[in-house]
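Protein chains: 2
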Amino acid sequence: MDDLLRQSVSTALQALLGDRVTDQLEIRKQHGAGFSYHPCQPPDWVVYPQTTEEIATIVRLCQEHQLPIIPFGAGTSLEGHILALKGGVCVDLRLMNQILEVDTANRCATVQAGVTRNQLDAWLEGSGFFFPIGPGVNATLGGMASTRASGTNAVRYGTMKDNVLSLKVVLPDGQVIKTGSKARKSSTGYDLTRLYIGSEGTLGILAELTLKLHSYPEAIYAAVCSFPDVKAAVNTAIQTVQAGVAIAKIELLDALMMQAVNRYSGLGYPEKPTLFLEFHGSPAEIEGQIQRVQAFASRFGGTDLIWEQEETARLKLWRARTDAAPAALAMVPGSSMMSTDVCVPISRLAQCIVDTQADLAETGLFAPILGHVGDGNFHLTIPIDPATPGQFEKAKALNERLVHRALALEGTCSGEHGIGVGKLAYLAQEHGEALGVMRAIKQALDPNNLMNPGKLLPPA
Amino acid sequence: MDDLLRQSVSTALQALLGDRVTDQLEIRKQHGAGFSYHPCQPPDWVVYPQTTEEIATIVRLCQEHQLPIIPFGAGTSLEGHILALKGGVCVDLRLMNQILEVDTANRCATVQAGVTRNQLDAWLEGSGFFFPIGPGVNATLGGMASTRASGTNAVRYGTMKDNVLSLKVVLPDGQVIKTGSKARKSSTGYDLTRLYIGSEGTLGILAELTLKLHSYPEAIYAAVCSFPDVKAAVNTAIQTVQAGVAIAKIELLDALMMQAVNRYSGLGYPEKPTLFLEFHGSPAEIEGQIQRVQAFASRFGGTDLIWEQEETARLKLWRARTDAAPAALAMVPGSSMMSTDVCVPISRLAQCIVDTQADLAETGLFAPILGHVGDGNFHLTIPIDPATPGQFEKAKALNERLVHRALALEGTCSGEHGIGVGKLAYLAQEHGEALGVMRAIKQALDPNNLMNPGKLLPPA
Numbered sequence: 001m002d003d004l005l006r007q008s009v010s011t012a013l014q015a016l017l018g019d020r021v022t023d024q025l026e027i028r029k030q031h032g033a034g035f036s037y038h039p040c041q042p043p044d045w046v047v048y049p050q051t052t053e054e055i056a057t058i059v060r061l062c063q064e065h066q067l068p069i070i071p072f073g074a075g076t077s078l079e080g081h082i083l084a085l086k087g088g089v090c091v092d093l094r095l096m097n098q099i100l101e102v103d104t105a106n107r108c109a110t111v112q113a114g115v116t117r118n119q120l121d122a123w124l125e126g127s128g129f130f131f132p133i134g135p136g137v138n139a140t141l142g143g144m145a146s147t148r149a150s151g152t153n154a155v156r157y158g159t160m161k162d163n164v165l166s167l168k169v170v171l172p173d174g175q176v177i178k179t180g181s182k183a184r185k186s187s188t189g190y191d192l193t194r195l196y197i198g199s200e201g202t203l204g205i206l207a208e209l210t211l212k213l214h215s216y217p218e219a220i221y222a223a224v225c226s227f228p229d230v231k232a233a234v235n236t237a238i239q240t241v242q243a244g245v246a247i248a249k250i251e252l253l254d255a256l257m258m259q260a261v262n263r264y265s266g267l268g269y270p271e272k273p274t275l276f277l278e279f280h281g282s283p284a285e286i287e288g289q290i291q292r293v294q295a296f297a298s299r300f301g302g303t304d305l306i307w308e309q310e311e312t313a314r315l316k317l318w319r320a321r322t323d324a325a326p327a328a329l330a331m332v333p334g335s336s337m338m339s340t341d342v343c344v345p346i347s348r349l350a351q352c353i354v355d356t357q358a359d360l361a362e363t364g365l366f367a368p369i370l371g372h373v374g375d376g377n378f379h380l381t382i383p384i385d386p387a388t389p390g391q392f393e394k395a396k397a398l399n400e401r402l403v404h405r406a407l408a409l410e411g412t413c414s415g416e417h418g419i420g421v422g423k424l425a426y427l428a429q430e431h432g433e434a435l436g437v438m439r440a441i442k443q444a445l446d447p448n449n450l451m452n453p454g455k456l457l458p459p460a
Numbered sequence: 001m002d003d004l005l006r007q008s009v010s011t012a013l014q015a016l017l018g019d020r021v022t023d024q025l026e027i028r029k030q031h032g033a034g035f036s037y038h039p040c041q042p043p044d045w046v047v048y049p050q051t052t053e054e055i056a057t058i059v060r061l062c063q064e065h066q067l068p069i070i071p072f073g074a075g076t077s078l079e080g081h082i083l084a085l086k087g088g089v090c091v092d093l094r095l096m097n098q099i100l101e102v103d104t105a106n107r108c109a110t111v112q113a114g115v116t117r118n119q120l121d122a123w124l125e126g127s128g129f130f131f132p133i134g135p136g137v138n139a140t141l142g143g144m145a146s147t148r149a150s151g152t153n154a155v156r157y158g159t160m161k162d163n164v165l166s167l168k169v170v171l172p173d174g175q176v177i178k179t180g181s182k183a184r185k186s187s188t189g190y191d192l193t194r195l196y197i198g199s200e201g202t203l204g205i206l207a208e209l210t211l212k213l214h215s216y217p218e219a220i221y222a223a224v225c226s227f228p229d230v231k232a233a234v235n236t237a238i239q240t241v242q243a244g245v246a247i248a249k250i251e252l253l254d255a256l257m258m259q260a261v262n263r264y265s266g267l268g269y270p271e272k273p274t275l276f277l278e279f280h281g282s283p284a285e286i287e288g289q290i291q292r293v294q295a296f297a298s299r300f301g302g303t304d305l306i307w308e309q310e311e312t313a314r315l316k317l318w319r320a321r322t323d324a325a326p327a328a329l330a331m332v333p334g335s336s337m338m339s340t341d342v343c344v345p346i347s348r349l350a351q352c353i354v355d356t357q358a359d360l361a362e363t364g365l366f367a368p369i370l371g372h373v374g375d376g377n378f379h380l381t382i383p384i385d386p387a388t389p390g391q392f393e394k395a396k397a398l399n400e401r402l403v404h405r406a407l408a409l410e411g412t413c414s415g416e417h418g419i420g421v422g423k424l425a426y427l428a429q430e431h432g433e434a435l436g437v438m439r440a441i442k443q444a445l446d447p448n449n450l451m452n453p454g455k456l457l458p459p460a
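As you go down the protein sequences, you meet chains A and B in turn. 1 is the number of the first residue of the first sequence in full-length UniProt numbering; add one for each residue after it. 1 is the number of the first residue of the second sequence in full-length UniProt numbering; add one for each residue after it.
Read the hints as simulated data drawn from the structure, not as lab findings. There may be inaccurate statements among the hints.
It does not matter which identical chain is meant; a pair holds if it fits inside one copy or across any two.
[To be verified] 25 Å max Cα-Cα, derived DMTMM-like pairs, lysine to aspartate or glutamate:
1) Lys86 - Asp2
2) Lys168 - Glu433
3) Lys396 - Glu218
4) Lys86 - Asp3
5) Lys231 - Asp103
6) Lys178 - Glu53
7) Lys178 - Asp162
8) Lys29 - Asp385
9) Lys168 - Glu410
10) Lys86 - Asp173
11) Lys212 - Glu433
So that you can see chain A by itself, here it is in the shape it has in the complex (with noise of 0.2 Å):
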């Protein structure tokens, strides 16, 4: 870019956001990375919007000058979502935080993209309503949004393309859509709100959202349940899963990550392949609940389940599951992460794990393994360590055989990370020619290849 150019846009954004803008080195390689093992790639301006229109403004300069737009939430994406492959302008959404209503009548709730979950969560406290995506970490609902996220709740609550009834988008020329509606359902026209979601900021900028809410549970129980091995658990699940049972969530971890989570805060907990579970209704419907997987746990070889219901105590039975990605990552100081996310069907589940282990046993690498099992999601949660030569590459080697298993076993390579530029090279196997009708209609929608460029979509 010349410096005549760099000039007139810094002028530009100024004269628009005042001190909402921002050139410095150092926010600007803040904001070229996430939380994972992708190299910062650092945009050339940092903005930070505070309305819709704003935004809108800001796209329609960025088309003037033809600089390529990065929307950014909370920055805790792992597939490289966020990278300024070709520098340009990121779009902090941090100040467009305001929770607009909350329609407790209507069982929803509007917020301004950059409104995080825990936020959301402290909101609804005591409403007798809850939001049930949450990923591992406080992401920002516009980001969650983007990546179809989904998390430990997605077994009985879906993912984010369940849980959104309508979008306010800025289109990729500044123009501003509204699509769905408050109404339950709608049969008008194509289904653009679950277009945008999982399009990774690269068909426009969300900058609203409004969100399904579901009654808080009468009870919620916890319960943890030990296995001899990996298979016994994962099957256990499966027989959950497949009977029906509506189970809230179900997730395993294995010998490893029970490991390193007793390290990393202090548990005592058996160091064994151990499912971690929660149960939403009325007591009585959850003691049903806990027979059967009980039944189904000790079939296996599975331990008594343990579990509490009072809050506190809930909690902290769940606390080596809250704390399993940063306690992998602790094993290795000064690591950062790579995380594989295949999703196949559940009855292959046992199989992908099982085969997956013994994959990882012939690299060495040092690679827990935390599992969404009742969705068929889990994620080898792999420190790569900088100082080990080699170590990035066999990862990444390990993930793509990885991949591949899960996709011959039906399934996808990302269940809720989303693409970014960590999975590019997988998208053409796993959608085939329809990859070409994913091409037509970025081509359509952002001619210019201006919003997000070089993500979700693998050259042509």
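Dock chain B against chain A, hints included.
Using the frame of chain A, we list chain B on its own:
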């Protein structure tokens, strides 16, 4: 179309399909109208492919000759989706009626698009699983996906958009793509599954669907309860939904509709606004739910709930609901149906229905009400008598005012019937600038505008 072209296309279709192609007027007429008031517009040919590859070849042939392509399921559309506005080839999918796989381990079934919901129901009987989406007629599953259909179970199980895992689609250029997979969740690329659900044949032809199956409930109870007025019935439904009672069905019939079903089916129900309910779960769960609904009903002056658990008695109790649409039509012999379909946020439903009844009274039209009130969705079922001049125009004007009322209440002009040609006039008001995005997608994927032209998108 000149005779030479007509002859050449006929020859090519016969070469491909043998006797599975026809240009007989009677058959073409049967394919040019649905279940509603829209006047018949027959296609030039009707073809009956048996495989996805045959559909693809037909589509390529149509592209070569620039002929419109109209997919046809069971012909139960209410909004003129299957009118051959510009002639062309009607692709009747009735021979694509194979249930390809029922995968109970992964709780899904893969079917060809011409499989009807009754056919799938019969197949699943005794399997322990069911498919929850049931509109009032025996539609095909491909047609149901194309219009984003729902029906009585949507309040608990969602609509077609929530119950399809994956699609096989023939694109407008004859390429075949697969969207999604058997994995329960994925965040890899644009959500083409949801884009095609509700696209009304305008972006390609659905050839196969992989559907989510649900565990058959441990118990099912049906119940019925009548009210002094419509508002009381609707308020009971609103409270039930707002309280988060996981009710499976909650349907309203107004006094007029109860009169119609009594007469049509020889029943003796009180001719008062009535809620028909269904509960799924364990007997203990259901009894809890019934108690809660009973408390709401009593608060609004409802009668004691009458309920049945045993299947024959249940079906008998629900008979009135099942027969509602034909019963309304039978009140005016020789009439054809116009059905309104607005859906509003649940908190606005009572207001919307009460205002609509007042409006209706002024018109003097006969229009019994049937409502999926748990979703905020209701239908005026208006028999249009061709012998009564001005009736159609009156009904159309009534619907127009109803749509404006619903949109003003943050609702939608169609909850489940789709746009077809019948609701084109309301799309600009409902979607505003978002209509431009829909048009860009249509243009990108079907540049020659041959896929069901004139449907879903109003002329620019």
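Each hint, compared with the structure:
In this assembly of identical chains, Lys86 and Asp2 lie within 25 Å of each other by CA distance solely inside one copy; the values are 14 Å within and 54 Å between copies. Only between protomers do Lys168 and Glu433 lie at most 25 Å apart by alpha-carbon distance; the minimum there is 11 Å, versus 30 Å within a single protomer. When the C-alpha separation of Lys396 and Glu218 is checked against a cutoff of 25 Å, the pair qualifies neither within a copy, at 44 Å, nor between copies, at 46 Å. With identical chains, the CA atoms of Lys86 and Asp3 are at most 25 Å apart within one copy only, with a shortest distance of 16 Å there and 57 Å across copies.
Within a single copy, Lys231 and Asp103 get their C-alpha atoms only as close as 44 Å, which misses the 25 Å cut-off; across copies the closest is 21 Å, which meets it. For the identical chains of this complex, Lys178 and Glu53 are intra-copy neighbours only, at 13 Å inside a copy versus 38 Å across copies, given an alpha-carbon limit of 25 Å. Taking identical chains as interchangeable, the C-alpha atoms of Lys178 and Asp162 lie at most 25 Å apart whether they share a chain (18 Å) or sit on different chains (21 Å). Taking the closest pair of Cα atoms, Lys29 and Asp385 come within 25 Å of each other only inside a single copy of the chain (20 Å); across copies the shortest separation is 71 Å, beyond that limit.
Taking the closest pair of Cα atoms, Lys168 and Glu410 come within 25 Å of each other only across two copies (14 Å); inside a single copy the shortest separation is 34 Å, beyond that limit. In this assembly of identical chains, Lys86 and Asp173 lie within 25 Å of each other by CA distance solely inside one copy; the values are 19 Å within and 34 Å between copies. In this assembly of identical chains, the alpha carbons of Lys212 and Glu433 lie at most 25 Å apart only when taken from different copies (24 Å versus 33 Å within one copy).
Of the hints listed earlier, the one the structure fails to meet is number 3.
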